[in-house]
Amino acid sequence: MAKKSLVLNVEEREGTGSGASRRYRRGGKIPAIVYGGKDNARYILLSKIEWETHSRKGDIHLVELKTASGQSVNALIKEIQHDYLSGTTLHIDFKEVRMDETIETTVAVHGKGIPVGLSQGGILEQVMHEVEISCLPSDIPDFIEVDISGIELEKGICAQDVALPQGVKILTAPAQVLFHVIKLRIEAETEAVAAEGAVAAEGTGSEPELVGGKGKEKEEGEEEGKEKKK
Numbered sequence: 001m002a003k004k005s006l007v008l009n010v011e012e013r014e015g016t017g018s019g020a021s022r023r024y025r026r027g028g029k030i031p032a033i034v035y036g037g038k039d040n041a042r043y044i045l046l047s048k049i050e051w052e053t054h055s056r057k058g059d060i061h062l063v064e065l066k067t068a069s070g071q072s073v074n075a076l077i078k079e080i081q082h083d084y085l086s087g088t089t090l091h092i093d094f095k096e097v098r099m100d101e102t103i104e105t106t107v108a109v110h111g112k113g114i115p116v117g118l119s120q121g122g123i124l125e126q127v128m129h130e131v132e133i134s135c136l137p138s139d140i141p142d143f144i145e146v147d148i149s150g151i152e153l154e155k156g157i158c159a160q161d162v163a164l165p166q167g168v169k170i171l172t173a174p175a176q177v178l179f180h181v182i183k184l185r186i187e188a189e190t191e192a193v194a195a196e197g198a199v200a201a202e203g204t205g206s207e208p209e210l211v212g213g214k215g216k217e218k219e220e221g222e223e224e225g226k227e228k229k230k
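Each residue of the sequence shown is one higher than the one before, starting from 1 at the first, in my numbering.
Since the hints were derived computationally from the structure, they do not count as laboratory data.
Wrong hints could be hidden among the right ones.
Per label pair, the in silico range of CB-to-CB distance [claimed, not checked]: (1) GLU14 to GLN81: 40 to 46 Å; (2) ILE182 to THR88: 34 to 40 Å; (3) ARG185 to ASP100: 48 to 54 Å.
With a cut-off of at most 20 Å between alpha-carbon atoms, the simulated SDA-like pairs for lysine to any residue come out as follows [what the hints assert, rightly or not]: (4) LYS66 to MET99; (5) LYS183 to VAL116; (6) LYS78 to TYR35; (7) LYS78 to LEU118; (8) LYS78 to GLY36; (9) LYS112 to ASP142; (10) LYS169 to PHE143; (11) LYS48 to THR89; (12) LYS155 to ILE182; (13) LYS95 to GLU64; (14) LYS112 to SER47; (15) LYS48 to GLY28; (16) LYS155 to SER134; (17) LYS78 to ILE144; (18) LYS57 to SER86; (19) LYS29 to LYS66; (20) LYS183 to VAL127; (21) LYS57 to ILE144; (22) LYS112 to SER86; (23) LYS169 to VAL97; (24) LYS66 to GLU12; (25) LYS78 to LYS112; (26) LYS57 to ILE77; (27) LYS66 to ARG13; (28) LYS155 to SER138; (29) LYS169 to MET128; (30) LYS95 to LEU76; (31) LYS95 to GLU79; (32) LYS78 to ARG56; (33) LYS29 to THR105; (34) LYS95 to GLU132; (35) LYS95 to THR105; (36) LYS112 to ASP161; (37) LYS95 to GLU11; (38) LYS57 to SER5; (39) LYS48 to ARG22.
Glycine included, every Cβ here is placed at the ideal spot set by N, Cα and C.
Given the sequences, and given the hints that come with them, work out the whole structure.
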C-alpha cells in the first residue's frame, strides 16, 4: 500500500548556526532545512512533540510541509540527525519533490514466513535491510515485503526475485542477495575440522606401507651382506 503524505506544520526560522539551533531545541522545536525547488534552501522549524508522535509509528518517507499561512511543499526525508545518547532528533534534511515526477529513494525490506532451511539446520541472515527504488512520490510503499518461507539451506533470495507493488521499480543490483539461509558457524567449523582429520588420517595410513617397505629393503640388504661375508 502506498504511503500517503504526512502533513507536518512548520514555521520559517531566521536564526541559523549551532547557538540558534540549541535555543530552538530548548523551546521544543526541531531545526530543519528544505533543499530543491525554485527557491534556495529554506530553513524551517518543526514541533518536536508532533514529529516524535508520528515517527514512533514507523518510517516516514513523504511529507507535506505546511506553514501557518497555508503554503505547502511536498518533500522526502533525506537525513535525520539524532543525539545518540538521548535518542532525540537534532536536525532533519528534506528534499522538495513534484508529485508528478519519478523519484529515487530507499525503503525497508521485511521478510515474511519461516524459511524451510531452518528445519534443515540453518539460520536466516538478512543481508540487506533496505533497497533502492524509483517511483512517483505517491507510490512509495511503507516497506517491501518478501516471502522467505521457501528458502532452503544454502539458498537465498536476490533483488531480482522480489515482487514489487505496481508503479515501483527496484534499482538495487539484480544479483544482490537480500536474505539467505546458512549453516550454523559451529556446525560448519566442526565439519571442516572433521574433513581435515580425515585427510590427515589418510596421509598417516599410507606411511606404514612406505616405512615397512623401506624396512624390508633394509633387511634384504643386511641378508645379502651376510651371504657375501660367508
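How the hints compare with the structure:
For the hinted restraint 40 to 46 Å between GLU14 and GLN81, the CB-CB distance of approximately 21 Å leaves it violated. Distance hint check: the CB atoms of ILE182 and THR88 are about 38 Å apart, consistent with the given range 34 to 40 Å. The hinted range of 48 to 54 Å is satisfied by ARG185 and ASP100, whose Cβ atoms lie roughly 50 Å apart. Taking the CA atoms of LYS66 and MET99, the gap is near 16 Å; set against the 20 Å cutoff, the hint holds.
This hinted pair checks out: LYS183 and VAL116 have alpha carbons roughly 13 Å apart, not beyond 20 Å. For the hint linking LYS78 to TYR35, the alpha-carbon distance of about 10 Å falls within 20 Å, and the restraint holds. Simply put, LYS78 and LEU118 have alpha-carbon atoms about 37 Å apart, too far for the 20 Å limit, and the pair is violated. A threshold of 20 Å between alpha carbons decides the hint, and for LYS78 with GLY36 the separation of about 12 Å falls inside it, so the pair holds.
A threshold of 20 Å between alpha carbons decides the hint, and for LYS112 with ASP142 the separation of about 15 Å falls inside it, so the pair holds. For the hint pairing LYS169 with PHE143, the CA-to-CA distance comes to about 13 Å; that is within 20 Å, so the pair holds. For a cut-off of 20 Å, the pair hint linking LYS48 to THR89 stands: about 8 Å separates their Cα positions. Between LYS155 and ILE182 the CA atoms are separated by roughly 8 Å; this keeps the pair inside 20 Å, and the hint holds.
The hinted pair formed by LYS95 and GLU64 meets the criterion: a straight-line CA distance of about 11 Å does not exceed 20 Å. Simply put, LYS112 and SER47 have alpha-carbon atoms about 35 Å apart, too far for the 20 Å limit, and the pair is violated. This hinted pair checks out: LYS48 and GLY28 have alpha carbons roughly 5 Å apart, not beyond 20 Å. Note on LYS155 and SER134: the hinted pairing is violated, with a Cα-Cα distance of about 28 Å set against a maximum of 20 Å.
The suggested pairing of LYS78 with ILE144 holds, with an alpha-carbon distance near 19 Å, which does not exceed 20 Å. With a CA separation close to 19 Å, the supplied pair LYS57 and SER86 stays within the 20 Å bound. Taking the CA atoms of LYS29 and LYS66, the gap is about 15 Å. The hint holds against a cut of 20 Å. Only pairs whose Cα atoms come within 20 Å are accepted, and LYS183 paired with VAL127 is accepted, the gap being roughly 15 Å.
Restraint check: the Cα-Cα separation between LYS57 and ILE144 comes to about 17 Å, which is no more than 20 Å; the hinted pair holds. In summary, the hint linking LYS112 to SER86 is not supported, as the alpha carbons are separated by about 32 Å, beyond the 20 Å threshold. Restraint check: the Cα-Cα separation between LYS169 and VAL97 comes to about 18 Å, which is no more than 20 Å; the hinted pair holds. Note on LYS66 and GLU12: the hinted pairing holds, with a Cα-Cα distance of about 10 Å set against a maximum of 20 Å.
Restraint check for LYS78 and LYS112: the C-alpha separation of about 27 Å exceeds 20 Å, so the hint is violated. Taking the CA atoms of LYS57 and ILE77, the gap is about 16 Å. The hint holds against a cut of 20 Å. For a cut-off of 20 Å, the pair hint linking LYS66 to ARG13 stands: about 14 Å separates their Cα positions. For the proposed pair LYS155 and SER138, the alpha carbon gap of about 35 Å is over 20 Å, so the pair is violated.
Between LYS169 and MET128 the alpha-carbon distance is near 17 Å, which keeps this suggested pair within the 20 Å criterion. A distance of roughly 5 Å separates the Cα atoms of LYS95 and LEU76; the hinted pair therefore holds under the 20 Å criterion. The suggested pairing of LYS95 with GLU79 holds, with an alpha-carbon distance near 9 Å, which does not exceed 20 Å. For the suggested pair LYS78 and ARG56, the alpha carbons sit about 18 Å apart, so the restraint of at most 20 Å is met.
With a C-alpha separation of about 27 Å, the suggested pair LYS29 and THR105 falls outside the 20 Å cut-off, and the hint is violated. Straight-line distance between C-alpha atoms of LYS95 and GLU132 comes to about 16 Å, which keeps the hinted pair within the 20 Å bound. A C-alpha spacing of about 11 Å is found between LYS95 and THR105, which places the hinted pair at or below 20 Å, so the restraint holds. A threshold of 20 Å between alpha carbons decides the hint, and for LYS112 with ASP161 the separation of about 14 Å falls inside it, so the pair holds.
The hinted pair formed by LYS95 and GLU11 meets the criterion: a straight-line CA distance of about 17 Å does not exceed 20 Å. Using a Cα cut-off of 20 Å, the hinted pair LYS57 and SER5 holds, with the two alpha carbons roughly 14 Å apart. Taking the CA atoms of LYS48 and ARG22, the gap is about 13 Å. The hint holds against a cut of 20 Å.
The structure fails hints 1, 7, 14, 16, 22, 25, 28 and 33 (numbered hints given earlier, in ascending order).
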